[in-house]
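Starting from the known structure of chain A, arrange chain B on it as the hints suggest.
Those sequence lines, one after another, are chains A and B.
Quick note: the first sequence uses the working numbering, first residue 1, plus one each step.
Quick note: the second sequence uses the working numbering, first residue 1, plus one each step.
Note that these hints are calculated values from the structure, not bench results.
Certain hints may be false.
Where chains are identical, the list cannot tell them apart; a pair therefore holds if satisfied intra-copy or between any two copies.
[As the list claims (entries may be wrong)] As a list, the in silico DSS-like pairs of lysine-lysine whose alpha-carbon atoms are at most 30 Å apart: (1) 197 with 99; (2) 282 with 313; (3) 99 with 123; (4) 313 with 385; (5) 332 with 204; (6) 393 with 197; (7) 204 with 330; (8) 197 with 8; (9) 4 with 368; (10) 330 with 197; (11) 165 with 88; (12) 174 with 313; (13) 221 with 165.
Fair warning: this is a prediction, and the values are worked out from it, not measured in the lab.
There are 2 protein chains.
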Amino acid sequence: MDYKELNKTTVLEYVANVDSVADYFATDELEVVEVGDGNLNYVYKIASLNDSKKALILKQAVPYLRCVGEEFLLSRDRMRFEIRALQKFYSIFPSFVPKVYHANEDMSLVVMEYLDEHIIMRKGLMEGVVYKNFSEHISTYMAATLFYTSLLHISSGEKRALVEKFNGNAELCKLTEDLVFSFPFMEHETNDNENVKENHDAQKLFLDMEFKERVLGLKYKFMTQSDALIHGDLHTGSIMINEKETYVIDPEFAFVGPFGFDIGALLANLANSYVHHSVVTKDEEYKTWLLQTIREVLEKFSEKFLSFWSESKNSALVVDGFLDGAALQKYKEKFVLNILRESVGFAGCKMGRRVYGVAGVAEIRGIKDSKLRRRAESMALSVAKAFVMGYDKIQNCDEVVEIIKNAG
Amino acid sequence: MDYKELNKTTVLEYVANVDSVADYFATDELEVVEVGDGNLNYVYKIASLNDSKKALILKQAVPYLRCVGEEFLLSRDRMRFEIRALQKFYSIFPSFVPKVYHANEDMSLVVMEYLDEHIIMRKGLMEGVVYKNFSEHISTYMAATLFYTSLLHISSGEKRALVEKFNGNAELCKLTEDLVFSFPFMEHETNDNENVKENHDAQKLFLDMEFKERVLGLKYKFMTQSDALIHGDLHTGSIMINEKETYVIDPEFAFVGPFGFDIGALLANLANSYVHHSVVTKDEEYKTWLLQTIREVLEKFSEKFLSFWSESKNSALVVDGFLDGAALQKYKEKFVLNILRESVGFAGCKMGRRVYGVAGVAEIRGIKDSKLRRRAESMALSVAKAFVMGYDKIQNCDEVVEIIKNAG
Chain A
1 MDYKELNKTT VLEYVANVDS VADYFATDEL EVVEVGDGNL NYVYKIASLN DSKKALILKQ
61 AVPYLRCVGE EFLLSRDRMR FEIRALQKFY SIFPSFVPKV YHANEDMSLV VMEYLDEHII
121 MRKGLMEGVV YKNFSEHIST YMAATLFYTS LLHISSGEKR ALVEKFNGNA ELCKLTEDLV
181 FSFPFMEHET NDNENVKENH DAQKLFLDME FKERVLGLKY KFMTQSDALI HGDLHTGSIM
241 INEKETYVID PEFAFVGPFG FDIGALLANL ANSYVHHSVV TKDEEYKTWL LQTIREVLEK
301 FSEKFLSFWS ESKNSALVVD GFLDGAALQK YKEKFVLNIL RESVGFAGCK MGRRVYGVAG
361 VAEIRGIKDS KLRRRAESMA LSVAKAFVMG YDKIQNCDEV VEIIKNAG
Chain B
1 MDYKELNKTT VLEYVANVDS VADYFATDEL EVVEVGDGNL NYVYKIASLN DSKKALILKQ
61 AVPYLRCVGE EFLLSRDRMR FEIRALQKFY SIFPSFVPKV YHANEDMSLV VMEYLDEHII
121 MRKGLMEGVV YKNFSEHIST YMAATLFYTS LLHISSGEKR ALVEKFNGNA ELCKLTEDLV
181 FSFPFMEHET NDNENVKENH DAQKLFLDME FKERVLGLKY KFMTQSDALI HGDLHTGSIM
241 INEKETYVID PEFAFVGPFG FDIGALLANL ANSYVHHSVV TKDEEYKTWL LQTIREVLEK
301 FSEKFLSFWS ESKNSALVVD GFLDGAALQK YKEKFVLNIL RESVGFAGCK MGRRVYGVAG
361 VAEIRGIKDS KLRRRAESMA LSVAKAFVMG YDKIQNCDEV VEIIKNAG
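Next comes chain A alone, as it looks inside the complex (with noise of 0.2 Å):
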């Protein structure tokens, strides 16, 4: 099918041919809203009229960047790999990844479950609300995405096309490659500039010379370390939340990467939530469930990577008998460690970037007080120094929760 923008009206007839959409809204009459941030996409709703509770998303990319404009090119490839995306993580834990109805990667779309009841997480960790069982749901989405699309779980020939249907997704890596490891930490006409001018923090981190010089070890893991599928963007702006549900969505940054790299964006989130806090709300209680989430997000990580790992005796890595019981317990401990460290290190280049970077976050870009702005960032940017340059070195998850609290 060739591709073909559609409007609010094509919207409906396109879903009329769907089976799965047809099924699932059976006789009932449909209206379309369009609903969404629309920066890059367009998202409708579709919805019953006869049902309020029964809705669905269509979500179509279009070949530019619609919030700057159709001179503004971005391939619409991309939803090619949010569909792959979404669809392998749904089929490994439903449970945390919206349903797709239908994909179409001609057309560039999806239709999928319409989440109704929840909000973007990174709103809701600003008005200060406490979710008790995120810790818990996003410790084993993770530990479930990674651990099972790695090569302690599936064998290299299927790690191999796992590689193989993501390696396409090279315009989006190279934003992370370009807008995360590097231009941040230069003078580049992508930063913030306004506020880099005069700055001294700003100028002093562009000339740290055995940070960047870390940052860009971390950028080459970001390269080259084909782990797991990761979903390359797991900040807090890509869940969905409530009290009771977690979702992972917008998935289009995906590809087989470093383990680390979704741990490290989520730690990053985390931790400009604590920052936000310390310098504005002040709200000691919260930023209390903040630090203990994240100890929770990374210790309960580690025992469900390690869980997982316990029910797969044989592996693409591990030949079963290779390894005594002993050594190979020795050995898990040690290569989930590294991935704690490398997260933490990813995390760092995450908090980093947000300070001065095109991708300024409303924790902190979004504190009107220049004065408070400016403590925010200096935080920010003192928690992602430690991160980035003590990774390697980090022995437990108590050393990254103090790590955050010494800053704020």
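Relative to the frame of chain A, chain B by itself:
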């Protein structure tokens, strides 16, 4: 074109329709002789009867392991990757790779330059032949093929295209995973079990969990670290040589893997040759040349790799201006030291696997006197162990040479 197994007669019919071959031989009368060891593929020499200097090689893969029989299946896909690698490596540095005149992936065949004045290097080394130009040639070959297929030179998009071209080489990569990194270090039916039985050294090796844990770490790097396009099997049996020229052949194991694997394979095989001469010929002069060659290969590799790097101002990894001159230089030196370290680690696995694993080498397994053979095995194992246990602490090439020298 459908696949068809050729024979001496149909080879002539086939090449009669290939322009590049017809041009090469012009109106000469031709004869076909089957050559090669015949383990895996059919290799034919197509020679001019008018001019004894004019000849080409036609190599065709068959879908089974030829030396065992048609019932032992081995996909002829391997020729697809050999063709692609020959062409890629030739395009980077033609002096050290046989020229391809014609290739046909569907027919699993390649027609290439006939190297009539060269012998397999392993044979020459066993006979004690000195190759004065070897370290210069092979260090250039390795530095060029590795550097120019890495993110230090090509874009991330070009790198992904390279991954796509070689990602399918699953069968041969799996052979390496099993036969280099796993089975030779545990009880396994593929091992040289006559020798393993009641052999104290073998039992000790199989129970050395610290060693095996580190082998597993190197296996993981082999399986997940996509630095550059590597030959994948660069032992001295994959090198055709004389005192003037050096050619690297048989790259059917090629894939995008770790920098250190080819260098490690070569280092292991040169070290095995040193072991052989220490135990069998006791030729001190030759042993000295071998050690000097090892040092030169490693040192010249590093120098040339750095020299290629100095010509690439901007790369996918290091955006121009990201580091200042001094920091960049320091980063590059650390980067190359890390390649050296990983090479030593891989060399340790490669030496270890030759002792009891399925594919023995003439230098050690070929020793008829069982007492001498045991001595050679024990020497090879002690180098393998020192390499694997200490590779990540190596500071320079001298330390590598010292380890080999101290073993015998």
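To see whether the hints hold, each was checked on the structure:
1. With identical chains, the CA atoms of residue 197 and residue 99 are never at most 30 Å apart, being 46 Å at best within one copy and 56 Å at best between copies.
2. Taking the shortest alpha-carbon separations for residue 282 and residue 313, neither the intra-copy value of 48 Å nor the inter-copy value of 47 Å comes in at or below 30 Å.
3. For the homomeric pair residue 99 and residue 123, the shortest alpha-carbon distance inside one copy (23 Å) is at most 30 Å, but the shortest distance between copies (62 Å) is not.
4. In the homo-oligomer, the alpha carbons of residue 313 and residue 385 lie at most 30 Å apart only across protomers (27 Å), although the nearest pairing inside one protomer, at 39 Å, exceeds that limit.
5. For a Cα distance limit of 30 Å, the shortest separation of residue 332 from residue 204 across copies, 23 Å, qualifies, whereas the shortest one inside one copy, 40 Å, does not.
6. For the homomeric pair residue 393 and residue 197, neither the shortest alpha-carbon distance inside one copy (34 Å) nor that between copies (43 Å) is at most 30 Å.
7. In this assembly of identical chains, residue 204 and residue 330 lie within 30 Å of each other by CA distance solely across copies; the values are 20 Å between and 41 Å within a copy.
8. Taking identical chains as interchangeable, the C-alpha atoms of residue 197 and residue 8 are never at most 30 Å apart, the minima being 44 Å within one chain and 75 Å between chains.
9. Neither within a single protomer nor between protomers do residue 4 and residue 368 lie at most 30 Å apart by alpha-carbon distance, with minima of 42 Å and 73 Å respectively.
10. Taking the shortest Cα distances, residue 330 and residue 197 sit within 30 Å of each other only across copies (29 Å), while inside one copy they are farther apart (50 Å).
11. Taking the shortest Cα distances, residue 165 and residue 88 sit within 30 Å of each other both inside one copy (11 Å) and across copies (24 Å).
12. Only between protomers do residue 174 and residue 313 lie at most 30 Å apart by alpha-carbon distance; the minimum there is 19 Å, versus 37 Å within a single protomer.
13. Within a single copy, residue 221 and residue 165 get their C-alpha atoms as close as 20 Å, and across copies as close as 21 Å, so both meet the 30 Å cut-off.
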